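4 protein chains.
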Amino acid sequence: MIIVLKNGVGRTEAGVLAAELEKQGVTVDFSEGANQIVLGLVGDTTVINDEVVRANRLVEKVMRVQEPYKRANRKFHPKDTIFELPGADGKKIRIGGDSFVVIAGPCSVESREQISSIAADVKKSGAAFLRGGAFKPRTSPYSFQGMGGHGLDLLLEAKKETGLPIVTELMETSQLELFEEVDVIQVGARNMQNFALLKVLGRCRKPILLKRGMACTMTELLMAAEYIMAGGNDRIILCERGVRGFDNYARNILDLAVIPALKQKSHLPVIVDPSHATGLAWMVPAMAKAAIAAGADGIIVEVHNNPERALCDGEQSITPDAFSDLMETLRKYAALEGKVI
Amino acid sequence: MIIVLKNGVGRTEAGVLAAELEKQGVTVDFSEGANQIVLGLVGDTTVINDEVVRANRLVEKVMRVQEPYKRANRKFHPKDTIFELPGADGKKIRIGGDSFVVIAGPCSVESREQISSIAADVKKSGAAFLRGGAFKPRTSPYSFQGMGGHGLDLLLEAKKETGLPIVTELMETSQLELFEEVDVIQVGARNMQNFALLKVLGRCRKPILLKRGMACTMTELLMAAEYIMAGGNDRIILCERGVRGFDNYARNILDLAVIPALKQKSHLPVIVDPSHATGLAWMVPAMAKAAIAAGADGIIVEVHNNPERALCDGEQSITPDAFSDLMETLRKYAALEGKVI
Amino acid sequence: MIIVLKNGVGRTEAGVLAAELEKQGVTVDFSEGANQIVLGLVGDTTVINDEVVRANRLVEKVMRVQEPYKRANRKFHPKDTIFELPGADGKKIRIGGDSFVVIAGPCSVESREQISSIAADVKKSGAAFLRGGAFKPRTSPYSFQGMGGHGLDLLLEAKKETGLPIVTELMETSQLELFEEVDVIQVGARNMQNFALLKVLGRCRKPILLKRGMACTMTELLMAAEYIMAGGNDRIILCERGVRGFDNYARNILDLAVIPALKQKSHLPVIVDPSHATGLAWMVPAMAKAAIAAGADGIIVEVHNNPERALCDGEQSITPDAFSDLMETLRKYAALEGKVI
Amino acid sequence: MIIVLKNGVGRTEAGVLAAELEKQGVTVDFSEGANQIVLGLVGDTTVINDEVVRANRLVEKVMRVQEPYKRANRKFHPKDTIFELPGADGKKIRIGGDSFVVIAGPCSVESREQISSIAADVKKSGAAFLRGGAFKPRTSPYSFQGMGGHGLDLLLEAKKETGLPIVTELMETSQLELFEEVDVIQVGARNMQNFALLKVLGRCRKPILLKRGMACTMTELLMAAEYIMAGGNDRIILCERGVRGFDNYARNILDLAVIPALKQKSHLPVIVDPSHATGLAWMVPAMAKAAIAAGADGIIVEVHNNPERALCDGEQSITPDAFSDLMETLRKYAALEGKVI
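Chain order of the listed sequences is Z, S, C and D. 11 is the number of the first residue of the first sequence in this note's numbering; add one for each residue after it. 11 is the number of the first residue of the second sequence in this note's numbering; add one for each residue after it. 11 is the number of the first residue of the third sequence in this note's numbering; add one for each residue after it. 11 is the number of the first residue of the fourth sequence in this note's numbering; add one for each residue after it.
Calculated from the structure, these hints are not laboratory results. Model, not experiment: these values are computed from the prediction. Certain hints may be false.
If several chains are the same, the list does not tell them apart, and a pair holds so long as it fits within one copy or across any two.
Said to hold, decoys possible - Derived pair list, reagent style PhoX-like, types lysine-lysine, alpha-carbon separation capped at 25 Å:
1) K342 / K71
2) K349 / K102
3) K16 / K273
4) K16 / K71
5) K16 / K209
6) K170 / K33
Just need the whole structure built from these sequences, with the hints factored in.
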C-alpha cells in the first residue's frame, strides 16, 4: 500500500502516522520528495483499513498495490479452477480448462410442454446444461414474475427426462430450500452485490454462476466471488453479461476484454451471456463466437421454441434450429482454442 | 404505444398483428408510409407486454408513450406526496412540500458513546432524523460488516435519549423483525433492484428511503418505487446518491438534474446524499447547497465525531462542528426556495 | 417521425401543428388516445427539423422512425461497400467483402531505422498496410508530439522500400497538402466530430479510416461518415477502438457488438483497433481474434521493434515476432468466417 | 511517481531500471516487500515519460503522485485567476473572484432582427456577454450549419448596438482571422481535444472559453487548458456542460461536483452551461441556481426570443422573459455566495 501525504506534512507528523501503521504489523518505508512524503507499506496490508487511512488528515491519496481479493486471486492459486458435475447420459461435465460448456434454455419456464421440448432440443444439439427461470427479477411489478416453485418442479421434471443438469436463479435466501436438486445456482446481475445472499451461498455446497453487475468493475466481480469463497464455497463460474453503456443500439455493452483480464487475475472459469448482453437474438451468434475467441470457458444462451410468444425476453431468444446451427459453428471455434464442447 | 413495423411488411400482415393486439383491449391506428407501417395503440397499454411485441418478427421498434409506472406517476397523482412522522420533543416532521428534512449521523454505529454523542450533536444543530448503519453492505467480506442487532439496539437507545427518529438500512427480509422500532427503513443502492426485498417492504407499514442504484435510470428508480407501492406502501422517499461515471476525482457523479426530472414525473419526495455521491467530506457542503437549489426535499449526510477513526467511510464524514456550520448555511438556501429546515 | 403531444392538447391545436408540418411535404396521420394525441408523419421526414418540433410547446416527445443518415445507410445501398487499393508487389488490396485486411506499424514514426525495420517485418508477416503516426494527438502538451512532416517523409520512404501503402493520421486541414502520397487518411477518435475536418475530407479523393469517438454512439459514427460522404467521398473504413467506460482494468471497453450492428445499418467496412481499445499488448491477440469472430473486415494493430523504448504507447505495442504469430492464428479464424487475409 | 514492479523482479534488475531513471534527473527510493519492489521517484518527474516506464517488462503499475499539469495547477499558482474585460456602457467585467458572470444569447445567429432583439433583452436583464453561434458544429451534415461569416458580422453589429462583448465558437484555425473583434473565443466540447486548435489558441491573445468534452475527465480538461497555457495564453474560462451518461431523461449528466474539484486543483475560473447540459429549457433555472451553490463563477445560457422557431436547440432555450426572472433569482443565490452578478 502506498500512502501519499499532503504537501507540507513534515517528517515528524509522518513518523507518528507510520508508527501507528506499524502497530498493525506492517513496516513502513519513507520516500521523501521536495515537498511531499510518500509512505510504502510492506507486509500483509490486507489488515489495514484503507478507509481509515484515507480519512486521516495528513493523507492525500492511498493506492493499493495488492489486489483486495485472496481466494479468487491467481497469485495465490496459480492453477485454473476446474471442476466436474454429473451430466446427461452418465457423462461428466467439466467446467474450466480445455472444456467449453454451453448452458441453454428459455428465459423463464412457462409450461411443462415448453420446458420439456426445449430441453430435448438443446440436449440434442449438445448443450451441457438446461437453464430456465422460475423466479424472475423483473423491472416492473406488473410483468410476469415467473412460475415460482411450480416452475422449479417443471425444470426438475425436464432434468429427469433428459438428464441435463439445471441452472436457475435464486432471488432470495428463503428460496434456498427449494433448490435442493438444482445443480448450479445462478446469482443475477442485480444481486451481484446482495451481500446477504452471497454469504448464504458461501455456506451452500452447490456451484454458483455469478453474473457481473451491470455497472460493476472486474475487481468488484472478484470481490463478490470472494464473499462466496470466504464462506467455503469455491466452485464459482463468473459470467460477463454486458455492462451499461451510453449507446442504445443494443441493451448493454458486452465487455469481452474482461475475459483475458479475469483470467490473468483469477483462476476461476469465465463464461459469457450473449443473450442478455445484446438483447437481440440476431446478434447472439456473432457474440458467442467472439466469446470463444476471447478465451471464454462457456456461454449461457437463451433458446425458446417460440420466441414470439415467450413471456419474457423473446427478442433475445434464438430458436432450437438456430441453436443447433450455432453449436455446429461454435465447435469449430472451440477447436481453434484447443477446447472441446 | 407505438409499433414500427419492418420495411416491407404489408397491410395484411399488419392487420393480423393489429387484430391480436386489439384482443387485449386496445384499439390500433394505422399510419402507412411509403415502405413502412406504424401502429399506434390507444387505450390502456400497460396490459400489453412489450417484450412479446418486440419479439414479433414483423416488428422493428416499439416505443412506449406512457410511462410504465402508475402509482409513482404524477399524471395520476398530481399532488406532491407529503407525510408526517413524530419527531424529537413532540414536534412533527414533515417530509415533502415546503419542508427540507436533514438526516444525519455516522456511516455505521460503532459504540454507545459514539452514537449517543453524535445523536446529541446533530439534534442540537437541527437534524430531524438520526441515521446510522447496523447492517453494512461492504464490497469486501474482510471489511467491518456493522455491529448487527447490537448496533440496532444502540441506535434505539440514542433515539430514546434524543427523541430523534431513526433511519437505518435493511439488507435482507429476515432482518425485518428487528426493525420494529425503526422509523424509516433504508434500501441501499445495491439493493434498489432486489425485487424480493422490495415486495416485502411493500407490505410493511414504514416509510422507505429508496436509494437510486449506481447505474439505474430515473425510470428504473421509479419502477423500484412502484414495486413497493404496488404492495400498498406509498410512503417512499427517493434518494439520489450519485451514479457511476468514467472519472475518478470523486466516487460517483452526483446527478442533480434528476431532481427536477423526478419532480416532473412523480409526486414522491426526493432527497440527496452528498456524502456517498462524492466520497469526500470537503465536497459535502457545496453539494448539499446545490441539492437545495436544484429542488431537493432534504439531504442525508454522514457526520462522525472522529472521522479519522471511523470504521467506515471516514473520508466522507463531516464533523459535528462542520455539520453545525452547514446547517446555518443550508437554512439560508432553503429560505430562498421557500422551504423550512 | 412520431410526435407525441402533451396531455390535454386538443384536436384543434394538433390540427394547426399538423397543417404546418404538411407544408413541409409530409402527410400527418392522427392517433387519438383518451388524453393524448400522437401524430405519425409519412413521407421524407429528413426535411423536418426535429429540434424545431421538440421545441414546440404542444410537443412532449419526438421519435424518429428513419435513421438520420442516407448515404451510409444500408437501406438505400443494400450491397456492401468494397473497394480496392494498390498494395505491395503489384497486388491489389481489397477492403470489405471476403477480405480481412491487417494494418500494422508503430504508434509513431521515431526514426528511419525504426520505421523501415518495422515495415519490413510486418510486410513479411502479411500486413497489407503500414501504419505510423507523424502528427500525434497527445493529451499532454509536454509529450512527444510526433516527428511531423519529417515523420511523413520517413513513412513514405518505408512505403517505397516495401511497397506497403500507408495509413496515417491527419490532425488538421492545413496538413492536407503534405498527405498527397498517403494512401489512407486516418481521422482519430478525438476528431470524429471535428466537422470542419470531415467536410474537407469529403472533398478529398482518398479513402478515410474513421475512428469512433470515445463516447460516440453508433449513429453518431455513421453521421460522421455521412459528413464525409455528403462531400462526395464514399470510401470510408469505420473503426471501433473502444469506448470510455467506468472500469480501469484496460484503457477502454472494446465494443465488439457494434460490428454486427454497423453491418446491419450500413454498407461500409468495419475494422477494429485492439491496441488502443485495451492499451495492453498482451490483450491484443485475444481481442483481434474476437474481432474476426464478431464479423470485422480487418484490424489496425500497433507493432514496435522495441516496445520498451517506444516514444508513445509502448505498453500496447506487440513485437514483430508476436505479430508474426498473431497473423498465423488470425488466418485460421478468418478462414472460419470465409475471409482471406 | 510510484513504480510497482512485477512479482519476483529482483533487487538487481530493479537497480538497473532505477539507474536509468536517475539519469533523467530524479532520485529513486526503494521499498522492498516480501515479493514485490516498489520504486518511489523523487524530483521533477514531469520529465519522465510514463508510457515508456509502463512498457518496461519489469513494471506492473505506474502511479503519478503529481498532477501532469503545471500552469493550470493551483499548487504552483495558489491565487485564483481573475481577469477583466471591457463591458457595456464603459463598465469592466470581472471574471473569477467574487464576480458571477452571465453569458446569454441564442444557440445560433439567425438574422439581424433576432440577434439585435435578444442582445437588447439580455443586456436589460443584466447579462455581461452576448453569446451566439455563427459556425455551428452539428451532428448532421443536413442540419443548419450556422450563418458563417455573415453571422459573425451580425453578432458584431449587436455588440456595437449594445456594447455587450461577444462570445462565439471557433471551429477551425482558418476562421481565426475573422475573429479579430470577438471578445472571447469558445472551444466546443467536441473540439476540447483538437490539439491542433488548442495550440493555435495558445498563441492568440484572447480569452478562451473551454468546454469540457463529453466524456473527458477533469484532468483531461485541465490538460486541454494546459495546451493553451503552454502557448502563452493564460486567460481561460473552464466550462462544465454535462457529460455523457447512460440515462436519457436529459441530454447529458450535469456534473456539478466537478466545480469544487476544479477549484481545488486549479486557479482557473469555472462556469456552467445548464442549457446544453440538460437540453431542456424548463430545467435551466434549477441547474443555474445549483451551479451558483456549487461554486461556479458564471453561467452561459441560451436565450431565444422565439424558441419554437429557433433553427437549433430551441428545446433548451429560455425566453427573454424567463431569463429576466432567472436573473432576479440568481442575484439572491449569488449574494449568499458573496458574489455579485
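Each hint tested on the structure:
no.: 1; hint: K342 / K71; result: neither (49 Å within a copy, 34 Å between copies)
no.: 2; hint: K349 / K102; result: within (16 Å within a copy, 36 Å between copies)
no.: 3; hint: K16 / K273; result: between (37 Å within a copy, 17 Å between copies)
no.: 4; hint: K16 / K71; result: both (8 Å within a copy, 22 Å between copies)
no.: 5; hint: K16 / K209; result: neither (38 Å within a copy, 33 Å between copies)
no.: 6; hint: K170 / K33; result: neither (59 Å within a copy, 38 Å between copies)
In summary, the numbered hints that this structure violates are 1, 5 and 6.
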